[in-house]
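Numbers in the numbering used here are just positions in the sequence shown, counted from 1, shifted up by 20.
Rather than coming from a laboratory, the hints here were simulated on the basis of the structure.
SDA-like cross-link-like pairs, simulated, lysine to any residue; straight-line CA separation at most 20 angstroms: (1) K125 - E142; (2) K28 - S173; (3) K147 - Q123; (4) K28 - L112; (5) K114 - F24; (6) K28 - D179; (7) K28 - M161; (8) K114 - K183; (9) K125 - Q145.
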Amino acid sequence: MVSFTDLKTALPERFRDAATAYETLSGVMDDQLDPLRTNGTKLADAWSGDDQVGGTTAVTAVRDQYDRASIAQADLASVATELNTLADAVELAKGQLEDALEQAKGFAIVAADGSSIKLDMEALQAKGVDPSDIKHYMTAMRGIADSISDAVSTATEADETAKARIAVLTPTLTGTPPAVADVPEPDPDWNPEQVNDWWQGLTAEQRQSLLMHRPDLIGPLDGIPTVYRDVANRTLLQDQLADVEAALKNDPEDKRLLGIREGLLEIQDRLDRDSGNAGYDDRAYLLLIDSEGDGQAVVAVGNPDEADNVVTLVPGTGADLSNASGDVGRIDRMVSDANLRDPDSSTAGIMWLGYDAPDNVAMAALPSYANNAEDALQRFQWGMEVVQGGPDQVLNTTMGHSYGSTVVGHSAEAGDGLRTDQIVFVGSPGVGTDHASNLQIGAENVYATTAPNDLIHIVPDAPWAHNTAPIMESFGAEVFETPRHDGSRAEAHSAYWDDGNPARDAFSQIITGNGDDVPRTDYHERWYQWRPWG
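When you get a sec, could you build the whole thing from the sequences and use the hints?
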């Protein structure tokens, strides 16, 4: 338990120094992981013929060490986060204690160990305080006592929480983790809060066992911190890439498999780089990878668990694993723009392709793809909010492009809605509802933009399509301008993240909480206005 004296003499910067040391160690380990993974896979080439089993054994051994080191690296990063959180809490509590002691000066005496507080009658008499006013000072004294008690309690709670979490996070690099059969698994029906409670209750050895033996369970599970999902999904990426390569040996011309392989390799390339296409120094994290069908992926640029601002981009028609890296590039640009705009806060971004997007314009006329994505996007945003520490810890913005805006709209309107603070619709055909207020976050927090010559204007504003376009006046969103694009209508539909496009400036303002500064524009009219017969 933290005592009055402990808090009074506490030095929060010591915790931050320790956090920096853990971050440095985590970074050093991270730098060594990629060579270990890359060079380890080359071991199999040293054997041939009947001796290939030796290569397989060697690769398995190196892979096992890589997995253990990855888990330790993630644990070290999490210890740093816990120490920084503790430093913030202690600094806040110490400030509250110091304020209380300052208020007590001149009329109350606080014991040196904080065990008691009493009125300083000599000081009050010297001030000429009327005895009838003593009651007032008694009340003020009790308030100071409560403030002191609250400050010590806050520090104690933070200390105990950090102690428990760091004990669990302490990396286990020696010994054998428990068999996966001995580790309790989450109920499939649990929500992200329950999943997070379960994960926080596991020991370091149990987590290590699950990450090594059940990455398929941990990788896609909403409610688990980013660093651990990343470890699991990097393992799954390698497994899926190996499966695709093996399948291509049987059918080298399979277009779907060739596309999936290209997508996996491009995501691997982004994970291997320290910075994104825009050149800003942000590590990428893999939060979902699935090579079945058209494939799915969720990639974060920067850690969304620790950032001040997070933007989640949902891509639209034609998006699949084979071209997911293009949308990751858009996240790179938005994260860079936002961090340059507001260097005093940190921004992370997420490319969320956690659904089966329509393959073409004809299929995009159907609402079924959006309906089928509702639960997945709602759970993802919920899980992120839980790991971030609650709804008020981070400014979350969800952005939908093209059919992705339809997905966001359906997800925000359905059930309990979407755990997000702001929504941005870009080049939207309609979002499944006729007014921004139906999205459950307040119409003033819903933004929309569409270039004048965007091909999306051809989609009718009809109930049997995707309902009212969010740039229409009747929809009630905050509309900002994207200028006409010099290219074709199809090019205009994808140009919002191009260099020099003013939309990017508006995106960075909204993402960093400065949406009020974005100039509004007149509501656009669509090329085709649907009218009911009669």
